[in-house]
Every structure is written in C-alpha cells, then in structure tokens.
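Chain residues, written in single-letter form:
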Amino acid sequence: MKGFIWRQFIKLKVCVIGFILFYAVTYGFLILFIHAGMSGFELLQMIARFNYYACFFLVCVSYYYISGADRNAVREASEVGGHRAVYEKSAFTCVFVQTLIWNLGMCILLVICCLKNDGTNYFLTWFPENYLYNIFIPQMICLLFTFVVCASWSSQIWFFLEFLFLFLISPLSENIIWSEKPVIPIDIVWQKLTWPFRILYQNGEWSPDYQNDLQLEPVRIYVLLFWLIFLIGIALIHIWKKKKTGRVVAAAAILFLLFSYQPASLYRLNSSWNGQNIDRIELNQSSEIAVSSQREAGFTITDYDLELSMKSELEVKGRLILQSQLQSQQFCMTLYRGYSVKKIESETEGVTVTFEQQKDNLILNTSKPVQQLTVLIQYKGHHNKFYSNVRAAMLPGWFPWYPMAGQRQIMLKYQIYGYNCYNRIEPAHIRIKTNYPVITNLSEKEINCYEGESDSITVLGGNIKRTEDERIINYFPLNLYSDSENNYDAFLAREKQAYTKALDVLKRYGVDTSGLEQKKILFASEDMGRNFENNEVAVFDQYILATPLYINANRLFCNMIWKDMENQKKREASDLILPFVFNAFWEEEPEEMLAEWSNSVARREGNLTVEDRERFYKLIREKNSERLVREIVEYSLNPENFVDDKAFLTAMEAIE
Amino acid sequence: MIEIIGLRKKYGKREVIKSINLKLEVDTYGLVGPNGAGKTTLIRMLGGIIPSNGGKITNSVASGIIGYLPQKFGCFPELTLYEQMEYFACLKNVPVSKHQEEIMKVLKIVNMEDRKNEKCRKLSGGMVRRAGIAQALLGEPVILLLDEPTVGLDPEERNNFNNIIRRLEGKTTILLSTHLIEDIKYLCQKLIVMEEGEILTVQDAQEIAKAANGRVFQIEESKIEQLPEPYYVERYFTERDKKYARVLLFGENSDIAGGQQCEPDIEDGYLYFLKGINHHE
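First to last, the sequence lines map onto chains R and F. In this text, residue positions in the first sequence follow our numbering: the first is 1, and each later residue adds one. In this text, residue positions in the second sequence follow our numbering: the first is 1, and each later residue adds one.
There's no promise every hint is true.
To be verified - With a straight-line cut-off of 16 Å between C-alpha atoms, the simulated EDC-like cross-links for lysine to aspartate or glutamate are: (1) R:Lys-11 - F:Glu-118; (2) R:Lys-11 - F:Glu-207; (3) R:Lys-11 - F:Asp-27; (4) F:Lys-72 - R:Glu-76; (5) R:Lys-380 - R:Glu-451; (6) F:Lys-171 - F:Asp-27; (7) R:Lys-2 - F:Glu-83; (8) F:Lys-92 - R:Glu-315; (9) F:Lys-92 - F:Glu-78; (10) R:Lys-13 - F:Glu-78.
Read the hints as simulated data drawn from the structure, not as lab findings.
Turn these sequences into a full structure, and let the hints steer you where they fit.
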C-alpha cells in the first residue's frame, strides 16, 4: 500500500508541481538570504514569519490529496473489513514524509547559514527548539487538522472548518485588535476566543528580539500541545472508534488549553490598547504627563533579599528592610500594577502590617509607628514589554518591577512617551536568587545567586552571555556575525571605543562627565527602547544600562537633558535648544555640528523673528565654533540661565 | 455459512437496526425494503464500514475477505483500470506476486480485460460499475455485498451487470440490496424483506410470491370500491382502452365480482409482507 500511495501521488500533477514549486521557492530564497549574509537567527525568524503561507500551501495540497478517496467515491469501498480511513492514513503519511523532508532540508540550510554567517555557534544548540515550536509543530497541527476533518466528516463541513481554521491562525486574524479600549469588552472576548489559534509566530512584521526566544513561552507551548493531543483524541473517537480512549485524550488536551490561559509574560508587538502600549494610554488619560520623577518618600529600603522565580511570569518572594527617618505608620512604595502582591507579613516584633495596592502604589500600614520595619513580601505578575518568564527576562533597574520607596512615575512624556529611566533607589544591600542564570548589576556569589550594594536591580536573561571583559559585561551571541566588523571582538572594541569617545566628546564641550566615568556597561537588546523614547541608555551608580550601538555622546547628552524635568517646558519653548539636542552629530567637528544645528533651526517654525534668525546665522558665521557649541551645550543643560532665546543670542554676541 | 446473531445499530436514540438474526448460505439473496428500512446500514455493518451496537457475525465473515460494492462507487481518475484494481488488491492484502493473476481474472469476469491500461477518467458510468464488481471480487470473497448496484445504469449496462452476477451463482454468498423488483426477479433465489430495521421474512423467491396466493386481482378501476377492505392498489394500467388496477387484498378471497384473480409474482409477495398482510390474518 505504501509503495502504491507514492506511485499514485506522483500521478497527481497538481500535487507534484505544487511540492516542487514549494521546495524550489523556499529553498531558493533561503540560499539567496544565506548568500546575502543573513544570520541564522534572522533567517529562522523570517521562516517563522512566513510559516503561515507554508501551512496554507500544505493544507490545500493535503486536503486535495487526502480527500481524494472521498471526492472520487472510492472511500467506502476502501474501508470494507473495518479498515477505517485506510486511504486517508496512507495519504497523510505520504504528505507527512514530504513535509518532514522539507523541514530537514530547511534545518540543514539553517545550519549552513550559521556556520557561514554567525559570529558564534550558539545558534546550533538554540535553534532546534525554536524551529520545532515555530515551524514544524504548527505545520503538523495543520496537517493533522486536515487529516482528521477529511477522514471524519463530510467534505462540506470540512470546507467550512478548514476555512475557519485557516482564517483564525492567519496574520489577518492576529491583526484584529483594538487600539482603544472599547465600551463593551469585545476585544477581551475576541482575545480569549482566538488565543488557541495563535499557533504561529506573532507580529512577524517587526524585527525580532535576539535576547528573547521566538515566542516559546510555556503558555504557547501548551496551546501547541493542546492541538496535537486534541486532534489525536478526535481521530481516536471518529476514525478508530475508540471512544473511551479518545475522550480521555481529548480531556487531557483540554487541560493543556486551560493551563495556557494562565496569566503569562508575553512579549507581543501589536498596538492593542492593553498590550505594550497600555502604560502610554494610561498616562495619556491621566493628568500627570510630565512631572518630577520621584516624590519624597520619607524612608528608604535598605535591604532587598529576593527570590525570583521566572516561569510563566515573575514570582518574587523575599524580605525588605525599611528604614524611616522618623517614626511612621505608613510606608508608600511603588510597584508596577502588573505585579499583584499576594501577601506582606511583618517580621518586626510587635508590629503587624496591612497593605493595599492602588495602581502603581503599594501602601503599607503598620499597627504602630516604627522607624525600622522588616517585611516578608510575595508578589507575582508581569509587564507587557519588560518580559520575565522561563525563556528570557528584561527587567531594567529603573523599572519598578521590585518595590521602590516613594511614589514614582512609571512613564514620562519626553518628545514622545517613554518609560521613566530615572527611577533609582537609595543605595541598598541587595541579594537576589534566580531560577536560571541571568546578567545583573550585582556580583554572582553562588550559582544563580547575586549580591551587592547598588541603586537598582537590573535582571537580564535569555540569549545573553557574559563576556570576559572588564568594561562590557555581556553580549548577545545571536547578534554577532562572522565578518570582522561584527564579530565578538569587533563588538567589544566598537562599544568600548564608542563609550570612550562619547565621554571625550562630551568633555570637550564642557559637559561634566564625572557621573559617567569608569562604569561597567550592561547591554539589553534594542527592545528595551523599542517604540519609546529615552530608554536606550540609563546611567546608574556603578553601571550604564544600554542597548548596543546607542552609547554615544548624543544619547548620553539627551539622557542628561531629559532628567531635568523642571526645565522641560522651557526647552520645548526654545527654538534653539531642541534643534541642537536632537540633530547634533557629536562625532563631527564643531563646524559640522553648527551647520546641522543651523539647518534644523531654519526648518523649525518657532517664535524666533526674522531678525533674530539673522542674528543667529551671523553668530554661526562669525563666532568660534567650538566655543559656540560649548555655549549651546550649557544653555541646553541649564536653560534657566537665560530668560529666553533672545537673551541667549545677546549673550553670544558679546563673546569673542 | 454466515450467521448474524442479534445485530443492532443505533444513531443516538434512534434504533435503525433492531436485533437482526440471519443465516446466509452460498446463494444469491435479495435484500428488499422501502427507503429507510435499514438495508444500507445492514450492508455497511456486514462490510465492517460502520460498527454495530450489539450482536455478532460469524467468524467466516470476520476473518474472510469481503467484497463490497457501495451505492456510490468511483475510481481515481488519474489511475489506469489496472492500477485501480491494484489499489484494491493492496487493501485486501492479496500477495503482490498474485496481483496480476487476480486482477486479470476479475477483469475477465466483468469483460474489461482489454481496458486495463485505460485511464479511469475515460470509463463510462456503467464501466465504472463493472470495475466496482471487479474490485469486489478480488481475493475470492466469502461474501459479496452489493448495495443498489444497478441504480443509474442504462438497460444494456444493467443487463451486463445481471449477467455477471448470474455467472457468480453458487460460487459465493451474494447479498444484493435493491428496491428494483426486476433485479430480484432475474437474480435472487432468496429474498430478505426488511422494514424499519427489522426483518419481516426470509424465504425463497418463489415462496414469497406464493404467499400472496388468492389475494391478487385485476379489476376495472371503476369497480375498485366494490372490493372488500382492506386492500392495496399496486398499480394502474390500461388494457384495450380500459383502465384497470392490480390490487392486493388483505383477506384471502377466491371470487371478486368484476375482478380476475391473478397469479402472484415476487412483487406481490413482497408487498404482502411489507403491508403486514401476514399478520392481518
């Protein structure tokens, strides 16, 4: 029978031509991209992105082939003697083998790509799992779905079900989102109903995060397992007529589906109002757009001893020691609202504690005034952008994923919205224990135990490795290439050079860089700052947290500027400051910097009169360039020194 | 012999086959009954296409090869006739070394050996039907199940088909499901009458006909009302410009005014059991 099925398949021109084209087009493009220098990670993500079309093709061809017996009225005669779905099983095997061969070929090409283009061999051990769950298993689900429906029900019902299935797993369905919160929660209903159909890689139009995996969160794996087991259960019931076994299997599958609905840290780049944009929308609707980043707390947290368990989401258990200047019965902290506090218990003798969470505020009330309070805290949750699960973690130290004393702003409005990267705690003794190795600003004392004194706790996990360098702490193995400009050594050299050069340039123009010197550099992937402003670089007491290629004078300078929220409105009102801040190429000579500044001012429709613009251009022409740059740098940092732009121009006209 | 004991089938709460008991010898059986009687369901259960909800079938069917021609039968258009037969030979576990011999044997029986290399898409409806018989005969089946085999065939093809079945008489058990009395008259030695999932009777075809003895009359249409009730009008016909009715009386009566007693045929006997006249007495 097996040999016969293959001979019959070869006679079906539609199927043969289809598969030949499928192999040719996919392999051809892959070879092209390998030749063009794509990394293994980029190539795999691209395959994942377009896997829906591969699945669509496989569903169409497999339906046509597997339903052949039913369409041609051969099925009933084939099944005599109790040989249920005998043709369909053989036909499915035939399509399965071809799909398997195609996938093996893809894997071989990916390995070749890695060996040729990647800067490390990390991809070779990393990609099998990502390939399995993003490419192979979704294809198997589609094939199984087609097989089960073809072999079980009438072709009319099949067509409807298959059409519905293909639509629900499609990128089109994925893009049905609500960017504003609807009055009736229809979006939540839609999200819940379509969640089981998110078997494919989502949001593929965005470049991927090389620190994270390709969406291998446990809840997504549960969805995939649900489908595999559920379809096998259906097949047992309808095809093999083993109803009891089939029902048990189907019930087990339902369990996986239920598990998949648990709260989870997922990183999905869509513009849904309750996705990665939720904080921006929340801030937009509130009255506090730009305020000082921190309100006076009246106490500090001197000790953090936390155990982090990152599985489906972040779970933290630990101890905090709070030290107040005065006796106090209330302690206000900030903990992002996405983390729900389960319990807080006092360890201070004779003192009990109650707490309440109001959005991002965590308020502790004690039974009597205390100056020092030790509490055990337990909380769990996640953030839609700063992910924390068993695959990866991006928890910047300026983000209140851990309790911070005082009331803090989560997000600010710079030119556009961005997270408040200025949140710092008073230097505290910090000890954390994680369930897998991470990169952090603390020192590793034991396996997965990190300790130190710092003004923050940054935790980074995923496809991230420690360097052996003293300045640069970590790198991303999936983001290195084999060529001499993008390999490991080049990466270290480039970033260290960029750091040194940035400091030199800033010093040249009179910026006080004492707060930037001699710091270690922790890198998070570019997704730390994706779609938001001023989040690519942050300066802490002992380290700089940045994304690769973003350590430069301009970024560091902007970071200094935005910290000064009090003078933000004055800077925005100035027609000179922001055009300089956002357009100056600090690596260039001062003449080029001024030229670019001049062009930016010319394009800006501001309050400067024609006369004042002429004064400005005259300054550019006549004054010492380096001196002028120094002056505008100073004006940008301290706009309060001048009443307005006119006063600045007048002062500049007086310099030599 | 093939024995069926207490065979039952339910779809939900609806019982479509109600505990059937049957013994089938090497003979040609006609399975007759109105639409919805359960004929196709019974045949499918015998063929193992659908499972039963109770009862059993003797080992000779369970272990032996079954030949089955369903009501709707077709071929893969891309295959030749020989390849199509080969497909079924594979399914019936006919040894590969015997494929050619077996396939040519059955194609000869159905007079299609000269078309073995023709693509199935070029075969007419009647030829496809004959190909269906051929595949059913592969492997020397212990029982041949034919479900409405002549529906849609033109008279010539039907004749061809009937001749093939006649040639198989006495070689294997044949169960032929039909509601065309012409097929029964020509082919079947025995009749199984079914209605609403139950077997009303199993008898020789001639015995079935004789059961309606003394009850079949031909009478002028205008005199029908004179007949003693109850009765059943089988059909109307015109003879020598007069309209007549062939009538089946529920009660036995040797003399009807204005009517002429007729020799009963299989159809009369079939209706005798179908209308429950045997219980009316």
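Now the hints, each set against the structure:
no. : hint                  : verdict
1   : R:Lys-11 - F:Glu-118  : holds (14 Å)
2   : R:Lys-11 - F:Glu-207  : violated (53 Å)
3   : R:Lys-11 - F:Asp-27   : violated (41 Å)
4   : F:Lys-72 - R:Glu-76   : holds (8 Å)
5   : R:Lys-380 - R:Glu-451 : violated (22 Å)
6   : F:Lys-171 - F:Asp-27  : holds (8 Å)
7   : R:Lys-2 - F:Glu-83    : holds (14 Å)
8   : F:Lys-92 - R:Glu-315  : violated (60 Å)
9   : F:Lys-92 - F:Glu-78   : violated (21 Å)
10  : R:Lys-13 - F:Glu-78   : holds (9 Å)
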